[in-house]
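A.B. asks: Now for the letters of each chain:
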Amino acid sequence: MRPPTRAPLHLLATLAVAVGAALLAARARRPAASVAEVLARAAAPAHRDARYHAYFVFQPADCEGHLRTLTLFRRSPVATRIRVAALLLVGTPADLAAVRERYGARPYGAPIHLLSDAASRTLRSLGYARTPFVVVTDGRRDVALTARVPSTPEQFVALGRLLPTLPPTSAAARASQ
Amino acid sequence: MKPPSAPRDRFAPPRAAGAMALAALLACADSPLPERHAPATVRRFAPAPWNTVWRRGGAVEDTLLLMPIAVAADSARAYVLDAAGHRVVAFDAATGAPAWHTAGKGGGPGELASPVAIAAARGGVVVADPGNARLTFLDATGLVTQEVTVADVASSRSLCPLAYGTLLVATGEDRPLALIRADGGVERRLPLPWPELADLPSLARQLRLAPTAGGRACVAALELGHGFAMVADERVVWRRPYVEAFPLPRVQVTRSLRTRTQRLAERQIAAYDVAVAGDEITMAFEGRSRAARRLLDVYSASTGAYLRSHELDFPVNAIALAAGRAFVLSERDGYPTLTAYATTTPTAAVP
Chain A
1 MRPPTRAPLH
11 LLATLAVAVG
21 AALLAARARR
31 PAASVAEVLA
41 RAAAPAHRDA
51 RYHAYFVFQP
61 ADCEGHLRTL
71 TLFRRSPVAT
81 RIRVAALLLV
91 GTPADLAAVR
101 ERYGARPYGA
111 PIHLLSDAAS
121 RTLRSLGYAR
131 TPFVVVTDGR
141 RDVALTARVP
151 STPEQFVALG
161 RLLPTLPPTS
171 AAARASQ
Chain B
1 MKPPSAPRDR
11 FAPPRAAGAM
21 ALAALLACAD
31 SPLPERHAPA
41 TVRRFAPAPW
51 NTVWRRGGAV
61 EDTLLLMPIA
71 VAADSARAYV
81 LDAAGHRVVA
91 FDAATGAPAW
101 HTAGKGGGPG
111 ELASPVAIAA
121 ARGGVVVADP
131 GNARLTFLDA
141 TGLVTQEVTV
151 ADVASSRSLC
161 PLAYGTLLVA
171 TGEDRPLALI
181 RADGGVERRL
191 PLPWPELADL
201 PSLARQLRLA
211 PTAGGRACVA
221 ALELGHGFAM
231 VADERVVWRR
241 PYVEAFPLPR
251 VQVTRSLRTR
261 TQRLAERQIA
271 AYDVAVAGDE
281 ITMAFEGRSR
291 AARRLLDVYS
301 ASTGAYLRSH
311 ELDFPVNAIA
321 LAAGRAFVLS
331 ERDGYPTLTA
341 YATTTPTAAV
351 P
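Quick note, the sequences are listed as chains A and B, same order. In terms of my numbering, the first sequence is residues 1 to 177. In terms of my numbering, the second sequence is residues 1 to 351.
Zero decoy hints are in this set.
Derived coverage of chain B by chain A (criterion: at least 3 residues anywhere in the stretch with Cβ under 8 Å from a Cβ of chain A; other residues may be distant):
hint	segment
1	58–65
2	254–267
3	325–334
Note that these hints are calculated values from the structure, not bench results. Note that CB positions come from ideal geometry on N, CA and C, so glycine has one too.
Please work from the sequences and hints to get the whole structure.
C.D. replies: Rendered as structure tokens:
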């Protein structure tokens, strides 16, 4: 009796290796997404303007007082330069529902989204393993500022005074030229 | 030999059927509550009869008030609870001069871990500090006169000091009003003034409290609800709807085989602060009008009848009334400020 042929198996294996190699090559050629891009993707900002985008990263366990740090972004000199794009929650969809129940859908005028795994990895690469913290990005590419949420009055005052000193964003600089 | 199996609960569904039922029941169902509120009443606006006496904070004094969340006052002092500073900042009520502030974050005497509520009491001020599970009493000079450990403070949201040293605390418990004795013991737990809301999630039953003159009674206002009540001698004297018809929170119910979970589908704030002076209750209201957060609705403290409203040209974050003055926490250009106004009775209300 003739043994069963293995040709189709070999063909499939070769094809799989070829596709895998092509994918790896494509991935290697693609430039890594910037932190700002990853965050913007995670938050899906509704509109873009010439201001910096601020992202507040937190967990359900973080106390409400930390969230109130966002009042700093309401100050006129800050609000003209920085827009709170989103609050990014580290957690599950159930956590998101509970947080929205507790704080409303748009606390401090910004939507709450789940932090994606990709964004979480990117933020860890910045050195953040604990929440809450704030990331301020300039447009789609650059991280302008990262900060742990103030835990002392001195840090609070310092952050409040630092934020308005950010130089104009690249978009604002281009627009003024 | 096959071991004897444990007797099976005859009421327990078979596993496959249970899994199917679970899958079917996990879907969320919206269960809007019936709206029990009075028909909309048109607000009667009157000019705010206030003259500015002093103002503190703002961009120039950005280290004085960091993140104020509540204000209380008596004839001598205005007390601001500053969440970022973990402290109470006291001002001279007449001049606005800073008088003293507490030590800051910690668990030691006079230190606060995560203060959430403040009220004028015993010639000074009392602070609810869930972080330390205690109430801290300070006199008019900032000295700690008493610190009492109270388990109920862990979920406290608002305080109402009463005569004879007792304190009514609004909590997130099933019976959300706890009457606390001077020694910190819970004298009694009172139910929500609205029995029909007892099954709502605790978030939907949040109360704001304020004492009437002499500490004989407390006004209890639903933060997310449709009205307010007067509580005296451990009973509800009257209940009234807000002048702006406001629906009860929409609750989303999730059922599984064994559990039934309720969540708020929407969090819309009604009254977020309340103060009483003489025979008038002043309610800082958010609601849904174009003037949200700039509205002060005034009601009679005797009957709860609506009297008038004031529309301010700035948002109000918190308000305290004492000795003919209104102390208002607000933001100017985004910077927190405390402003003292001399109040007079308005002569006419504009319909």
